[in-house]
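> Sequence:
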Amino acid sequence: MSADTVPDESTRVPDAGDDVLVVRSLVRRFGGITAVDDVSFRIGQGETYGLLGPNGAGKTTTISMVAGLIRADSGATLVNGREMGPDRVDVKHHIGLVPQNLAIYPDLTGRENLRYFGRLQRLGREALDRRVDEVLELIGLTDRAGDLTKEYSGGMKRRLNIGIGLLHQPRLLILDEPTVGVDPQSRHAILESVEALSVEGMAVLYTTHYMEEAERLCDRIGIIDEGRIQAEGSRDELVRLTGGVDHIRLNGSGDIDVAADALRELPEVEQVDADRRTLYLTVRDAPTAVARIVTSATRAGLSLTDVEITRPDLESVFLHLTGKALRD
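Mapping the sequence shown onto the UniProt record's numbering, position 183 (from 1) lands on 183, and the numbers just tick up by one.
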């Protein structure tokens, strides 16, 4: 079946709903090692879903099954309600895959690379010209489109790699660690490009071991370790697994003990510890509570010199779930 063949609607799975991607109980073994163990998740239209975990957690094996590059030992992947597999060329047409390894030709210009891969996707001449210009604008390479890609920086090559995956306007874009090895400026440009995709209604599956990327980009996050999804939800839902408390540190001069007693009376303050010049508070929703806390401490005679808020993050969640740091 050719890539531009319209899939038979009868192959749709009725209970897939409106999700662009449904992953059900995927398992993949390599010899005696279970690389992916009963992984399930869903991604809706316009949603960015992150698989967050350390190297070797099973992220790349999972997306290889999702993209139909390798076959699952058990479980199923549905794209647009149709089952994916290595032989399902019609379903693969709805996916754009951006692998970790660059898939560009160094002796072609950026524009020539895009045109070449667009022709592989069977885009007509007018549609191809339009999409190449649109993609170059999206990935921020319009002014370098005529340069050979062997002259590009690592970050520019990564952005072009993403552009190639976008050309045929897939329903689902899969990005496997797209910022690995790039400089901070290029990394920021890549993240901005990914942020724009959900606005266009594209579903995005984003794998990373960078906590800050998952927090910035993803509507929902699956924390994966040792081949299993340990927890799933929005950033705030996951943080609540740790107990969801924040910490505020107040430095100042005055009667610390009197200020501590006053702060213990506030309903949002769960615990107060004090030393000679510092108060350590455990609170709920520190950004909302901090103004009242500062006012109360000041009225109790404390002259503040510094206020610091610490909130739990996905690193805290990973440590809570697995007993180890995200980058161990």
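Hints in this document: simulated from the structure, not taken from any laboratory. Please read these numbers as outputs of a predicted model, since none were measured by experiment. For every residue, glycine included, the Cβ atom is placed at its ideal position computed from N, Cα and C. It is possible that some hints are incorrect.
Said to hold, decoys possible - In silico EDC-like pairs for lysine to aspartate or glutamate, Cα to Cα no more than 20 angstroms straight-line:
#1 K324 - D306
#2 K157 - E226
#3 K157 - E112
#4 K157 - D147
#5 K324 - D313
#6 K157 - D183
#7 K157 - E215
#8 K92 - E126
#9 K157 - E126
#10 K324 - D183
#11 K324 - E192
#12 K92 - D18
#13 K157 - E192
#14 K150 - E195
#15 K324 - E232
#16 K92 - E137
#17 K157 - D143
#18 K150 - E212
#19 K150 - E192
To be verified - For each label pair, taking beta carbons as the anchor points, the in silico distance ranges come out as:
#20 E151 - E226: 38 to 44 angstroms
#21 R284 - D257: 46 to 52 angstroms
#22 E83 - D107: 45 to 51 angstroms
#23 Q45 - D285: 44 to 50 angstroms
#24 I309 - G254: 41 to 47 angstroms
#25 E83 - D38: 45 to 51 angstroms
#26 D143 - A76: 25 to 31 angstroms
#27 E83 - Q45: 40 to 46 angstroms
#28 D18 - R284: 50 to 56 angstroms
> K324 and E192: Cα distance at most 20 angstroms?
Between K324 and E192 the Cα gap is close to 30 angstroms, so the pair fails against 20 angstroms, i.e. violated.
> Is K150 close enough to E192, meaning Cα to Cα at most 20 angstroms?
It is violated: about 24 angstroms lies between the C-alpha atoms, which goes past 20 angstroms.
> Is the hinted range of 50 to 56 angstroms satisfied by the C-beta distance from D18 to R284?
35 angstroms, violated
> A range of 46 to 52 angstroms was offered for this pair. Does it hold for the Cβ distance of R284 and D257?
Violated - the Cβ-Cβ distance for R284 and D257, about 24 angstroms, lies outside 46 to 52 angstroms.
> Does the beta carbon distance between I309 and G254 stay inside 41 to 47 angstroms, or does it fall outside?
21 angstroms, violated
> State, for the Cβ atoms of E83 and D38, whether the hinted interval 45 to 51 angstroms holds or is violated.
18 angstroms, violated
> Starting from K157, check that the Cα of E192 is at most 20 angstroms away, please.
Holds, because 16 angstroms separates the two Cα atoms, which is no more than 20 angstroms.
> For a C-alpha distance cap of 20 angstroms, please report whether K157 and E226 respect it.
31 angstroms, violated
> With a cut-off of 20 angstroms on the C-alpha distance, tell me whether K324 and D183 pass.
27 angstroms, violated
> Can the restraint linking K324 and D313 be considered satisfied, given a maximum Cα separation of 20 angstroms?
Satisfied, since the Cα-Cα distance of roughly 14 angstroms is no more than 20 angstroms.
> Does the alpha-carbon distance linking K150 and E195 stay inside the 20 angstroms limit?
27 angstroms, violated
> Given the hint that K157 pairs with D143, test it: the Cα-Cα distance must not exceed 20 angstroms.
14 angstroms, holds
Checked against the numbered hints above, the structure breaks hints 1, 2, 7, 8, 9, 10, 11, 14, 16, 18, 19, 21, 22, 23, 24, 25, 26, 27, 28 and satisfies the rest.
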